[in-house]
Amino acid sequence: AQSVTQLGSHVSVSEGALVLLRCNYSSSVPPYLFWYVQYPNQGLQLLLKYTSAATLVKGINGFEAEFKKSETSFHLTKPSAHMSDAAEYFCAVSADLSGGYQKVTFGTGTKLQVIP
Amino acid sequence: GAGVSQSPSNKVTEKGKDVELRCDPISGHTALYWYRQSLGQGLEFLIYFQGNSAPDKSGLPSDRFSAERTGGSVSTLTIQRTQQEDSAVYLCASSLEWRGGRETQYFGPGTRLLVL
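Going down the list, the sequences are from chains A and B.
With our numbering, letter number 70 in the first sequence gets 77, and the count goes up by one each step, no holes.
With our numbering, letter number 48 in the second sequence gets 50, and the count goes up by one each step, no holes.
What the hints contain is simulated information worked out from the structure, not anything from laboratory work.
Glycine included, each C-beta is placed from N, C-alpha and C at the ideal position.
Just to be clear, a hint being listed does not mean it is correct.
[What the hints assert, rightly or not] Between beta-carbon pairs, the in silico distance windows are: (1) B:L41 x A:L53: 20 to 26 Å; (2) A:K65 x B:D20: 44 to 50 Å; (3) A:S91 x B:Q86: 20 to 26 Å; (4) B:E16 x A:P123: 39 to 45 Å; (5) A:L27 x B:R66: 37 to 43 Å; (6) A:Q49 x B:Q82: 27 to 33 Å; (7) A:S10 x B:R66: 46 to 52 Å; (8) B:K17 x A:P123: 41 to 47 Å; (9) A:N68 x B:G61: 46 to 52 Å; (10) B:K59 x A:S10: 17 to 23 Å.
Use the sequences and the hints to build the structure in full.
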């Protein structure tokens with residue numbers, strides 16, 4: 008079984024401040040990890056993904072995430088928040104299974120508010 | 003190129019009526035997914051297609067829900083005898099193929115269903 012936990016359903020930061028959105032995962036096999044962003048009234052868009060290559064993954068719009076196996080974490084960061092970053096962010100996990108597949112499991116999301 | 007499209011974008015129906023939700027995946031994508039996003043909750047996996055077959059229907063909430071995909075392209079999610087708890091945003095996604103969850107999913111804008 009696999010799961011993700013996103014700490015904080017709402018996060019507020021000031022414009023220009025560091026963005027840190029937390030995600031912890033649980034997986035019995037090496038995971039694939041994703042961050043998706045959802046702007047109001049839109050579908051989800053992939054920000055970045057980890058698929059067992061480099062542990063520091065850079066994504067679009069200046070976001071990056073670091074895979075830390077020892078902490079079972081995949082936190083999303085951005086050095087300086089912009090007003091356009093206000094959205095809901097979803098962490099997700101998947102994995103390979105021998106002889107089968109593992110569907111992607113999404114977290115419950117974190118809404119990011121950017122204060123001018 | 004064109005992304006994933008869904009129709010209708012909004013649907014209001016009366017309790018007990020049937021509804022059909024349509025998804026047009028990205029051309030050439032063989033994998034197609036349906037999710038349900040309820041207010042304040044994450045994405046709930048409903049069903050997945052690889053080609054025209056659906057190996058995993060375990061996410062469908064009840065036998066009132068069904069989905070089909072014909073010609074390896076368009077998919078329809080049908081909800082019979084709708085209930086108020088079916089009110090949610092129904093998201094469709096597609097990916098190039100199923101490869102153990104590593105594939106990036108491309109999401110449509112969703113259908114917002116309101117059951118009165």
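Q.
So, against the hints stated earlier in the document, which numbers end up violated here?
A. Hint check: 3, 7, 9 fail, others pass.
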